[in-house]
Amino acid sequence: MTQQSLPATAGPRSRDAAPSASRPRRGWLPLLGTVPFFAYTAIFLLLPTVLVLVGAFRSREGAFTTNGITQALSERTLGIFVNSLWVSALTALVGAVLGAIIAYALVTAPFGSLGRRVFTAFMSVVAQFGGVMLAFAFIATFGINGMLTRLLRQWAGFEVDPGMLSTLAGVALVYCYFQIPLMVIVFLPALEGLRPQWREATANLGGTARTYWTRVAGPILLPSFLGSYLLLFANSFSAFATAAALISQQTIIVPMEIESALRNENDLGMDAYAQALALGMIIVVALVMWGYARLSRRASRWTA
Amino acid sequence: MDGVNARARRSLGVFRVVVLTLAAAYFLIPLVSMFDFSVRFPLTGKVDANAWLALVAPDDSGRLDLLREGLFNSAVMAVMTVVLAVGILLPTMVLVRLKLPRLSRTVEFICLLPLTIPGVVLVVGLAPIYAVISTKILDANTIWLAFAYVILVLPYVYRSLDAGLRSIDLKTLSETARSFGASWPTVLFRVIVPNVRSAIVSACFITIAVVLGEFTFARMLARTNLQTSLFQINLSDGQVAAVVSLLCLGLTTLLLVALDLVVGLGERRRARSARTVSQEDA
Amino acid sequence: MTATASVPPMDATGARGVRLSHLTRTYGAVRALDDFSLDIAPGELVALLGPSGCGKTTALRALSGLEDVTSGRIIVDGEDVTAKPANKRDMAMVFQSYSLFPHMTVAGNIKFALELRKVAGDQNRIVADNLALVGLDTQADRYPHQLSGGQQQRVALARALAVRPKVLLLDEPLSALDAKVRVQLRDEIRRIQQEVGITTLFVTHDQEEALVVADRVGVMSNGKLMQIGAPADIYSRPATGFVADFIGLTNKLPGRANGATASTLGQTVPLLPGSASGDVTVLVRPENVTLRADAAAPTDRRGTVLTTGFMGSHAKVQVQLPSGGLLAAQLGVAEASALAVGDTVEVVLKGVPALAI
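Those protein sequence lines, which keep their order, are chains Z, W and G. The first sequence: position 17 = 17 (our numbering), numbered continuously. The second sequence: position 254 = 558 (our numbering), numbered continuously. The third sequence: position 192 = 778 (our numbering), numbered continuously.
This is chain Z alone, in the form it adopts within the complex:
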């Protein structure tokens, strides 16, 4: 007498579930449901992008022109691009290194402990803290009447340059404030992906802590680190509000130049110029994000 268990009834996840009712005959109906999404993004996302790409080569009357591009390649404009690239590279580096150290300190805390969760949440808040309010905070710290300015004068006799915040260096200093937490948030998952077994296996096989960091953890983390750096670079490159709030008279980075071009109603050629600048920005950011995507893919392949 046999009593075999019945073959399992096809569960909800069965791969041979009955084909859905909306087969070829009514296949267009669901597509209709996606129209709101595609229409909306077409108008407010894709159309503006196309306008920028095309508009860089069009004058206000609609004729093809390279005036915008020529002006964008002028010495002055290229200098502004260099400023932007320089500030982005520097703040990304500072943010990446310091952020990685803080992230590592965080990850050594037990997972799910209150302190770790609170600090991580704090980091995500500070990373969003940008623009106008951040500029105010730094002015309140290092400005003429700033708290640290006052304290440094009292305690160390050190006089902070009152115009410091309005320079490129000052902007870089302020940018680091939100770059570091962004790095913590972006890089933390990579650190969490380091398996404890790798550390233990290294020790077990005779390696020291230095061996572990230089031969195991370092190489494994490198793609993520570089990817995060690129992300920080793009973030800094695109930032506008903070600089706008700190600096009023000059336009020292690309986004500010774009604003000045847009505001300029006298010169009809400024439309194409603004769009050419925007095109330049798209190219830079697209390249950077492409690099980021490649590095992310490599990192996830190893630590999957």
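Hints were generated in silico from the structure; no laboratory data involved. None of the hints are false.
With the Cβ distance kept under 8 Å, some of the chain Z side facing chain G (calculated, not the full set):
| id | residue |
| --- | --- |
| 1 | GLN197 |
| 2 | TRP198 |
| 3 | ASN204 |
| 4 | LEU205 |
| 5 | ARG301 |
A short list of chain W residues far from chain G (calculated; beta carbon distances all over 12 Å):
| id | residue |
| --- | --- |
| 6 | LEU326 |
| 7 | LEU332 |
| 8 | ASN354 |
| 9 | ILE414 |
| 10 | LEU477 |
| 11 | TRP488 |
| 12 | ASN499 |
| 13 | SER540 |
| 14 | GLY542 |
Ideal placement from N, C-alpha and C gives every residue a C-beta, glycine not left out.
Place chains W and G on chain Z using the hints.
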């Protein structure tokens, strides 16, 4: 009793405490400075709470009007953006998941695109579009900026809803409801939404934080929102600007911290119930 | 009642092999290891078996140096290594998962180990030899993520053996693998271990695995070693109720013990040493139970057939006892097919010594 491993763990603990304390101090200093600035009148050095009181006291001078207008606009836009973003994205994502899986990569690409297009660039392309909206379709009211804000928050809302939809068995839930005769709106509102509540809440919180902090679009398109009005107020009344900044930051902090806790709570609860089930089977 | 350990086949001086002596490890109020002692003779494979939280992994990690001990000594080949850090003990470990470094190829993983341990000789040849030992000589240039779980564990084993350690440590190496791969790999691990002759400690929660693979099996619970002995001994002569219950299947029958025998279900059963006396529960294995269809069976040993299950080489029959309890009997296929659900049977206990608790 003090083994090698215990010693290594202890020195790591010291490293952690030192680094995190220094970091916390670094990040708190500007906030503390801003608070100090808000109560200490710059010219005389006198300390009082006038700037804070100015917010609640009845204002006849009209100097805070701009701020009120900006705050109102941003608040309205926050609500509009949330409703629009979730309202468009959730049904679309459910639809794609259930009926049009081949479109999912396209939808994902579009939703993550705003991450790669700087806001400055987008607003250059939006300028002519908004010119048309202001003159021919609607008016020049600031709140129509919400349409553009939806694009700004698209990646965050998408990621949030994606995580939420992934964690439930969407196909089974909807098929079961349909087999009992539910219409699609019923399925959406009474079956799906309650199950992705924490994802929707996350999306709301992030959206609110982003909208309240947005400056670039409003400035370039010459509109008044919270941040642009803050910028203006700072020129005449720096202390009030500092107070409002602190309040705004405090609110955003609360939102984002609550978001982290809500999401973490949901994850832990799910992990705990998964554990108890497997223990019962053992 | 703690078990008396069977005499360890280790030489009197303990100059070779592994001796874990009275290890205790406490975390606050929790005792992960409680006066745990174990000897492993040179070339022997000892399996530590037990439910999760019993301390088997703690014992292994204490031996490897990855965990400290609160008290006790660890002696390897006559040398006290208790205070030595993990990277100075001459051992090699295979983890349950993620043993391999993902950014190195298979060959790279092994070469890295050889480099760390300063093993002399032609690295490429050593890599090839050890990969051949585990049957993966063609995979030297692949990355871990390109290999299956079973292949990864084989590479981890090859890497561990390549450095010629004094002790091989296996931390549930098969637990993360599919059932079929698990069975295949455990036989291979045993074969390789015997071929190389390396002293090995193998931790697992799967009792079948432990019984198949080991020279001796140690059953642990709550940080204590309950019993250690050859697999057959552990199975047929369990020292405590916990061991009897954990290993294999067992029936629990109420009875009364007097001295060397106990009476249960109207029959007398010889008892194993260490059994309790008075009112006891007698632990009888299903294969030591016979059933005979007999409608007129005496009431104290009567039962009703509840279910019959075909298991391939044998059959399992569940019988409802008048006392309300269930009894599982293992019968031959022919015998079991003669019984139908609802039949009245006489339960006959074979005279195999059983444990009473």
